[in-house]
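Q: From just these sequences and the hints, can you work out the full model?
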Amino acid sequence: MKFPLIQLTLSLFFLVTIVCGQGPLVSEIQIIGNEVTKKYVILREIQHPTGVLLDSAIAVADRNRIENLGIYSIVDWQAVPLENGTVRLKYNVIESSRFFPVLAPSYEEDTGWSIVFGGVVKNVRGRNESLTIGGLIGGVDAYGFDFNNPWIFGDHVSLSLGVGKAYINHRFLPYVQQTSSFEINMGRYFGYQKKISVGFEYEKKDFVEDTTTIEYHYLAPQSRFAYDSRDIYNDPSKGIYIFHFARYFKYFNVESNSILWIQSYSAFVSPIKGKRKTTLGVNVTLHSTHGDLHKEMFMFGLGGGYSVRGWRIETRELFKDEKQPYRFGFYSAVSSLELRQTVIPRFSIEQPTPFGPVKSALGLQAVLFIDGGVAGDNWNDLTEMSPMFGVGLGVRIPVALAGSMRFDYGWSFYEGAAVESSFHLAVGQKF
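The sequence shown begins at 382 in the numbering used here and counts up by one.
Be aware that a few hints might be false.
[Said to hold, decoys possible] Restraint-style ranges between C-beta atoms, simulated for each label pair: (1) I533 with A799: 28 to 38 Å; (2) Y548 with Y608: 34 to 44 Å; (3) S604 with D522: 22 to 32 Å; (4) N759 with I533: 18 to 28 Å; (5) G519 with G432: 55 to 65 Å; (6) T659 with D527: 57 to 67 Å; (7) W792 with S610: 45 to 55 Å; (8) E596 with K471: 54 to 64 Å; (9) K471 with F728: 39 to 49 Å; (10) F728 with V557: 43 to 53 Å; (11) L512 with R425: 15 to 25 Å; (12) P482 with V441: 32 to 42 Å.
Keep in mind the hints are simulated off the structure, nothing from the lab.
Only a predicted model underlies this, so the values are computations on that prediction, with no experimental measurement involved.
Backbone N, C-alpha and C fix where the C-beta goes; we use that ideal spot for every residue, glycine too.
A: So, in structure tokens, the structure goes:
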């Protein structure tokens, strides 16, 4: 039994040591709430040692890394005073649901409504692995599976692979795009901020018209590099994120080759901190296709929730009539500025379903945004073209698996004139 007087004395001692600028000694580390997750999966993210004075900055960074695993709805930490004058550093986690059977409608701006079937298993074997098996019927007809292990061996060595087939109507060309693919990648972290991955994709892509089929059969080695100093991946309050992706296309059935290069640069800062924080974020993303295969089916189009908001998604009529040719090209540059305000801090929920209780999180974030973008056939076009602009507002709602649902409404402008307005429903933060 612990007597109230002893507890009060320990608490006062703990408070005095903090006020005097000297943190108490951490004698042990405890993890609470990991019902399925293997303990070592959490411990390998904790960098605060025992036998040293408490450093709240390290403890907060540990808590952020645990949340970034993406398998918990809530993560927090606390220092618990002990009778010997030291503290126990305790990390509390609430695990999200691991299995999500899916039979539900799905919506994408460019494809419309589909029915999703299958299942998603997160935190497989308690090792933060994920497995997705299923498909779609409707606007997209597809099936396949994906597996990901973010730490298969060594120090943050990851493995991901996927196999699938998809039938989809091209956004702005009169083709049905049929794609069969196999992809495998291996990656590694260098520290906690730099990650490199390499792999390849073996793919057969057919563009089918009424009487014509254009086939591309290729092997595509690819690589990714990321520098990531964000504190929380899904809702950062500070940090920088730099991402580069390059894929080389070696075609088997045509005498051509090409390289796809994607660059993305983001920065975040929170002038008002706390649970109801205010965050300012900025992003610039560049897409370019290099090589001697400049066919229209490899062009980029601007518009929709993932590029310049406020502009409706590109259509076949829009491309055919050449009413807005400035929206299409083999090169594109898109910039975004967002002011994010947390209205309801994220909290854990559990709801009964026919498949059992589902654990997730809820909250609410309001957003103001300004987007700009240009497209062209080379880098010079991007500097000479008049940019498209979009301004608007939106909300973000945290959800399991996707991170958050995004609802945006924007107004578009070109060369000083209003063009149109558009509503966007998307998954995850724009950047």
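Q: Would you say the C-beta atoms of I533 and A799 sit inside 28 to 38 Å of each other?
A: violated (52 Å)
Q: 57 to 67 Å was suggested as the range; check whether the CB atoms of T659 and D527 agree with it.
A: violated (36 Å)
Q: If I claimed the Cβ atoms of P482 and V441 lie 32 to 42 Å apart, would that claim hold in this structure?
A: For V441 against P482, whose Cβ atoms are near 36 Å apart, the range 32 to 42 Å holds.
Q: Does 15 to 25 Å hold as the CB distance between L512 and R425, or does it fail?
A: This hint holds: roughly 21 Å between Cβ atoms.
Q: Go ahead and decide if the range 55 to 65 Å is satisfied by the Cβ distance of G519 to G432.
A: This hint holds: roughly 59 Å between Cβ atoms.
Q: Would you say the C-beta atoms of W792 and S610 sit inside 45 to 55 Å of each other?
A: violated (34 Å)
Q: Does 43 to 53 Å hold as the CB distance between F728 and V557, or does it fail?
A: Given a distance of about 44 Å, which is inside 43 to 53 Å, the answer is holds.
Q: Just to be sure I understand the hint, the distance between the Cβ atoms of Y548 and Y608 should be within 34 to 44 Å; is that true here?
A: holds (37 Å)
Q: Does 54 to 64 Å hold as the CB distance between E596 and K471, or does it fail?
A: For K471 against E596, whose Cβ atoms are near 59 Å apart, the range 54 to 64 Å holds.
Q: Is the distance from the Cβ of K471 to the Cβ of F728 consistent with 39 to 49 Å?
A: Taking Cβ atoms as reference, K471 and F728 lie about 20 Å apart, which means the hint is violated.
Q: Falls inside 22 to 32 Å, the C-beta gap from S604 to D522?
A: holds (31 Å)
Q: Within 18 to 28 Å or not, the Cβ separation of N759 and I533?
A: Violated, at about 41 Å.
The structure fails to meet hints 1, 4, 6, 7, 9 from the earlier list, while all remaining hints are met.
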